[in-house]
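We have chain A already, so just place chain B on it with the hints.
Chains A and B, in that order, are what the protein sequence lines are.
Mapping of the first sequence onto the working numbering: residues 421 to 717, in sequence order.
Mapping of the second sequence onto the working numbering: residues 421 to 717, in sequence order.
A couple of the hints might just be wrong.
One copy or two, either will do: identical chains are not told apart, so a pair holds if it fits within one copy or between any two.
To be verified - In silico lysine-lysine, DSBU-like type, Cα no more than 35 Å apart, as pairs:
#1 K526 / K428
#2 K526 / K706
#3 K428 / K598
#4 K440 / K696
#5 K668 / K598
#6 K696 / K526
#7 K598 / K526
Think of the hints as simulated: they come from the structure by calculation, not from any bench.
There are 2 protein chains.
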Amino acid sequence: MLFAERLKAHQNAVEGRLTKLLGEAGSGPAAPGRLAEAMRYATLSGGKRFRPFLVIEAAALFGVPQRQALNTAAAVECIHCYSLVHDDLPAMDDDDLRRGRPTVHKAFDEATAILAGDALLTIAFEILSQPATHPNPEIRAELVFGLARASGWRGMAGGQMLDLAAERVLQDMDGIRKIQAMKTGALIEFSVDAGAILGRASAAEREALRTYARTIGLAFQVADDLLDAEGSPEHVGKATGKDARAGKATLVSLIGLSQARENLRALGNEAIDALKPFGSRAAILKEAAHFVTHRRS
Amino acid sequence: MLFAERLKAHQNAVEGRLTKLLGEAGSGPAAPGRLAEAMRYATLSGGKRFRPFLVIEAAALFGVPQRQALNTAAAVECIHCYSLVHDDLPAMDDDDLRRGRPTVHKAFDEATAILAGDALLTIAFEILSQPATHPNPEIRAELVFGLARASGWRGMAGGQMLDLAAERVLQDMDGIRKIQAMKTGALIEFSVDAGAILGRASAAEREALRTYARTIGLAFQVADDLLDAEGSPEHVGKATGKDARAGKATLVSLIGLSQARENLRALGNEAIDALKPFGSRAAILKEAAHFVTHRRS
Chain A
421 MLFAERLKAH
431 QNAVEGRLTK
441 LLGEAGSGPA
451 APGRLAEAMR
461 YATLSGGKRF
471 RPFLVIEAAA
481 LFGVPQRQAL
491 NTAAAVECIH
501 CYSLVHDDLP
511 AMDDDDLRRG
521 RPTVHKAFDE
531 ATAILAGDAL
541 LTIAFEILSQ
551 PATHPNPEIR
561 AELVFGLARA
571 SGWRGMAGGQ
581 MLDLAAERVL
591 QDMDGIRKIQ
601 AMKTGALIEF
611 SVDAGAILGR
621 ASAAEREALR
631 TYARTIGLAF
641 QVADDLLDAE
651 GSPEHVGKAT
661 GKDARAGKAT
671 LVSLIGLSQA
681 RENLRALGNE
691 AIDALKPFGS
701 RAAILKEAAH
711 FVTHRRS
Chain B
421 MLFAERLKAH
431 QNAVEGRLTK
441 LLGEAGSGPA
451 APGRLAEAMR
461 YATLSGGKRF
471 RPFLVIEAAA
481 LFGVPQRQAL
491 NTAAAVECIH
501 CYSLVHDDLP
511 AMDDDDLRRG
521 RPTVHKAFDE
531 ATAILAGDAL
541 LTIAFEILSQ
551 PATHPNPEIR
561 AELVFGLARA
571 SGWRGMAGGQ
581 MLDLAAERVL
591 QDMDGIRKIQ
601 AMKTGALIEF
611 SVDAGAILGR
621 ASAAEREALR
631 TYARTIGLAF
641 QVADDLLDAE
651 GSPEHVGKAT
661 GKDARAGKAT
671 LVSLIGLSQA
681 RENLRALGNE
691 AIDALKPFGS
701 RAAILKEAAH
711 FVTHRRS
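This is chain A alone, in the form it adopts within the complex (with noise of 0.2 Å):
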């Protein structure tokens, strides 16, 4: 299957330059050694690296090379990680396990894990505003812009505040859809973007782009909704039945499993469809949509 040895190969380049990255983030005399490690701890153990993905290869549609991604691919799985480590906080989540390991703050401490968060949401903006990232400023302060906005009060950040908030107050629909847009969907629609905005893409292409990343978003947290409410933990890496024990409303309590699954077919397609401008230089990309809709962790 194509897309499977995409991924893995982009997963390998990508875990490379994030090696490379907070590599030369932990040497040098003046490197405070925990605060690295911790930063490595987040960002280098497995991972799909699925927004990663989304930037080579929605890039690739522009015929820019892997390589030439790789910065702004590893940007985003910066923020990514940053908001795991937040996230899984004993204030927020209060998470155990990640990725079947300990979280951040059980294998360091609490204050390294809110460190490690922070320095990983700032290296981001390091890396995308270095020349090696693009050689053309227009771009990298774009890049700058877009990421800051995806994840930022109007994105994935104020989505994890109202999720928090979400707990005590019930959700119809549209509530959940806001808060998903905002907490996932921000951050996928960026990595999409960017390869769009690397690839200097057309307003069109870049809206019908939009339409797709939009779509596989919401897709995403569907599934993610179906793992939670399905899974058993050792097959997701995380904890799982917590939005149920939280009492948390989300699309699977609200209209069930069955009509959860049909949405997730439903939202595949839409995705499918949004490419159709591409012809099968999008191929990949269509593959994309079908792995998310038919993720099993």
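Relative to the frame of chain A, chain B by itself:
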């Protein structure tokens, strides 16, 4: 006194700009209100705005008007305020009082404080990367890079990590200076450098300003240690005597009050010397060095 007036004028301007930038954050139907409220609480609560002052006055050396430096000044202040919010957390310095008011996790809750810090850190880069901050994307990218470097694992976040460890490990003078240079010095240095970047300073001018900034950064921290050792919480606006209670080595505990005061005076003179190449244009920055070495809160 010229300095006091200018400081006040810049404070008002920066406060106005922050209100606008964070007001935008709080408006609109998608706004997670509580998060925006915590972000504003953390940033619009007074404070000396010393870093923004340095940005604006360093830029003014090269003829950049205040209004063209305000976004950059506001971005630096967002980083400073995020660091205070996270440093005050129970897992870090565990402070209940900041600028005479409850700290963010006391006024809101821990999860909100973590997310408000994250969102302030993120919005700093959103602000810097906007065309409104500077029309030249090369300058915007350089500002982003410099701020990320100063705030991340090599700078502020790394310094806080070392500072936490310093409560367990006995530090010598070199150790203390290194922690201070990272924790406080790096962002003060960047504030001055940001003005130089906005003003397209020559390499020699930038280097002279860097010496000035490094020196007042050190002085700033010595003054902080003196305040912690001598001041009352009512006057300083936050808990004092903390370092001694934590058994933490500081410059004051190593060399004593009178030597520390002498050290502070010497640093003040050194900072003023570094400004010689700018002649009378640097009068205000010289007064700023005086302010740092004589501050009482």
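Results of checking the hints against the structure:
1. K526 / K428: within (29 Å within a copy, 45 Å between copies)
2. K526 / K706: Neither, since 38 Å and 48 Å both go past 35 Å.
3. K428 / K598: within (32 Å within a copy, 42 Å between copies)
4. K440 / K696: Cα proximity of K440 and K696: none, with 37 Å in one copy and 42 Å across.
5. K668 / K598: Within one copy only: 15 Å inside a chain, 47 Å across chains, cut-off 35 Å.
6. K696 / K526: Neither. Shortest intra-copy (46 Å) and inter-copy (52 Å) distances fail the 35 Å Cα cut-off.
7. K598 / K526: both (31 Å within a copy, 28 Å between copies)
Hints 2, 4 and 6 from the list above are not met by this structure, while the remaining hints are.
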